[in-house]
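Asks: Sequence:
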Amino acid sequence: MNLKYKKATIEDLDILTKTRIEVLRAANKLSNDINMDEVKMMTYKYYKKALCDGTHIAYLIFDGNKFVGSGGVSFFQVMPTYHNPNGYKAYIMNMYTNINYRRKGIAYKTLDMLIKDIKNKGITSISLEATEMGRPLYKKYGFISMNNEMELL
13 MNLKYKKATI EDLDILTKTR IEVLRAANKL SNDINMDEVK MMTYKYYKKA
63 LCDGTHIAYL IFDGNKFVGS GGVSFFQVMP TYHNPNGYKA YIMNMYTNIN
113 YRRKGIAYKT LDMLIKDIKN KGITSISLEA TEMGRPLYKK YGFISMNNEM
163 ELL
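The sequence shown begins at 13 in this note's numbering and counts up by one.
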């Protein structure tokens with residue numbers, strides 16, 4: 013393996029968008045018959061804005077010229093609290109490793125790079141939504157399950 017970890021730039025919009033759709037299909041167990049055109053268009057717009065204004069960072073992983081993985085983080089601000097006086101938060105998302113490259117430390121290294129970028133911004137409130145497959149990785153890194161959050165459906 014000749015792995016290269018690359019911080020995504022605006023030139024990577026197409027591969028970021030394509031990967032996001034793949035991740036959503038896999039995480040939600042969606043067949044290729046499900047139309048994702050609107051999500052694809054909105055994802056492209058999101059990346060185009062967020063990569064430029066710094067509200068998103070992403071890494072792309074290649075083995076030579078072959079794309080094998082990714083990971084990203086979105087930054088946002090909420091009202092300050094006692095435990096988070098500046099209100100800034102980071103939400104890790106779009107963690108993906110090609111099936112042939114799993115269990116080789118790629119996701120862990122990608123996660124570590126993202127966490128370092130987050131902490132360099134002075135952000136300490138970090139969350140994510142884990143798939144069943146991803147939970148062991150996040151637990152190994154030190155994430156814990158929080159059961160007190162609720163969502164309106």
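Because the hints were derived from the structure by calculation, they are not lab data.
Among the hints, erroneous ones may be present.
Unchecked claim - What follows is a set of in silico ranges between Cβ atoms, one per label pair, in the way DEER data are often shown:
#: 1; residue 1: Ser43; residue 2: Pro92; range: 37 to 47 Å
#: 2; residue 1: Gly154; residue 2: Asp49; range: 13 to 23 Å
#: 3; residue 1: Thr21; residue 2: Lys52; range: 17 to 27 Å
Stated by the list, open to error - Quick list of in silico lysine to any residue cross-link-like pairs, SDA-like style, CA-CA up to 20 Å:
#: 4; residue 1: Lys133; residue 2: Ala62
#: 5; residue 1: Lys128; residue 2: Ile111
#: 6; residue 1: Lys133; residue 2: Arg37
#: 7; residue 1: Lys121; residue 2: Asn14
#: 8; residue 1: Lys116; residue 2: Ile33
#: 9; residue 1: Lys57; residue 2: Met105
#: 10; residue 1: Lys61; residue 2: Asp24
#: 11; residue 1: Lys131; residue 2: Asp49
#: 12; residue 1: Lys101; residue 2: Phe74
#: 13; residue 1: Lys151; residue 2: Asp75
#: 14; residue 1: Lys52; residue 2: Lys16
#: 15; residue 1: Lys19; residue 2: Arg37
#: 16; residue 1: Lys116; residue 2: Leu15
#: 17; residue 1: Lys116; residue 2: Pro148
#: 18; residue 1: Lys30; residue 2: Lys151
#: 19; residue 1: Lys52; residue 2: Asn106
#: 20; residue 1: Lys78; residue 2: Asp49
#: 21; residue 1: Lys18; residue 2: Met105
#: 22; residue 1: Lys101; residue 2: Asp124
#: 23; residue 1: Lys30; residue 2: Met13
#: 24; residue 1: Lys131; residue 2: Gly154
#: 25; residue 1: Lys52; residue 2: Met105
#: 26; residue 1: Lys61; residue 2: Lys41
#: 27; residue 1: Lys131; residue 2: Phe74
#: 28; residue 1: Lys52; residue 2: Arg37
#: 29; residue 1: Lys41; residue 2: Met105
#: 30; residue 1: Lys78; residue 2: Asn47
#: 31; residue 1: Lys128; residue 2: Asn96
#: 32; residue 1: Lys61; residue 2: Pro92
#: 33; residue 1: Lys116; residue 2: Lys152
#: 34; residue 1: Lys19; residue 2: Tyr56
#: 35; residue 1: Lys30; residue 2: Asn96
#: 36; residue 1: Lys121; residue 2: Arg147
#: 37; residue 1: Lys121; residue 2: Lys151
#: 38; residue 1: Lys18; residue 2: Lys128
#: 39; residue 1: Lys19; residue 2: Phe74
#: 40; residue 1: Lys60; residue 2: Asp75
Backbone N, C-alpha and C fix where the C-beta goes; we use that ideal spot for every residue, glycine too.
Asks: If a hint holds in the structure, say so; if it doesn't, say that too.
Replies: Hint-by-hint comparison with the structure:
no.: 1; hint: Ser43 / Pro92: 37 to 47 Å; result: holds (43 Å)
no.: 2; hint: Gly154 / Asp49: 13 to 23 Å; result: violated (38 Å)
no.: 3; hint: Thr21 / Lys52: 17 to 27 Å; result: holds (20 Å)
no.: 4; hint: Lys133 / Ala62; result: holds (16 Å)
no.: 5; hint: Lys128 / Ile111; result: violated (25 Å)
no.: 6; hint: Lys133 / Arg37; result: violated (31 Å)
no.: 7; hint: Lys121 / Asn14; result: holds (15 Å)
no.: 8; hint: Lys116 / Ile33; result: violated (23 Å)
no.: 9; hint: Lys57 / Met105; result: holds (17 Å)
no.: 10; hint: Lys61 / Asp24; result: holds (13 Å)
no.: 11; hint: Lys131 / Asp49; result: violated (35 Å)
no.: 12; hint: Lys101 / Phe74; result: violated (28 Å)
no.: 13; hint: Lys151 / Asp75; result: violated (26 Å)
no.: 14; hint: Lys52 / Lys16; result: violated (26 Å)
no.: 15; hint: Lys19 / Arg37; result: violated (24 Å)
no.: 16; hint: Lys116 / Leu15; result: holds (11 Å)
no.: 17; hint: Lys116 / Pro148; result: holds (14 Å)
no.: 18; hint: Lys30 / Lys151; result: violated (28 Å)
no.: 19; hint: Lys52 / Asn106; result: holds (14 Å)
no.: 20; hint: Lys78 / Asp49; result: violated (25 Å)
no.: 21; hint: Lys18 / Met105; result: holds (17 Å)
no.: 22; hint: Lys101 / Asp124; result: holds (17 Å)
no.: 23; hint: Lys30 / Met13; result: violated (23 Å)
no.: 24; hint: Lys131 / Gly154; result: holds (15 Å)
no.: 25; hint: Lys52 / Met105; result: holds (16 Å)
no.: 26; hint: Lys61 / Lys41; result: violated (28 Å)
no.: 27; hint: Lys131 / Phe74; result: violated (25 Å)
no.: 28; hint: Lys52 / Arg37; result: holds (12 Å)
no.: 29; hint: Lys41 / Met105; result: holds (17 Å)
no.: 30; hint: Lys78 / Asn47; result: violated (26 Å)
no.: 31; hint: Lys128 / Asn96; result: holds (18 Å)
no.: 32; hint: Lys61 / Pro92; result: violated (25 Å)
no.: 33; hint: Lys116 / Lys152; result: holds (14 Å)
no.: 34; hint: Lys19 / Tyr56; result: holds (17 Å)
no.: 35; hint: Lys30 / Asn96; result: violated (34 Å)
no.: 36; hint: Lys121 / Arg147; result: holds (15 Å)
no.: 37; hint: Lys121 / Lys151; result: holds (14 Å)
no.: 38; hint: Lys18 / Lys128; result: holds (15 Å)
no.: 39; hint: Lys19 / Phe74; result: holds (11 Å)
no.: 40; hint: Lys60 / Asp75; result: violated (25 Å)
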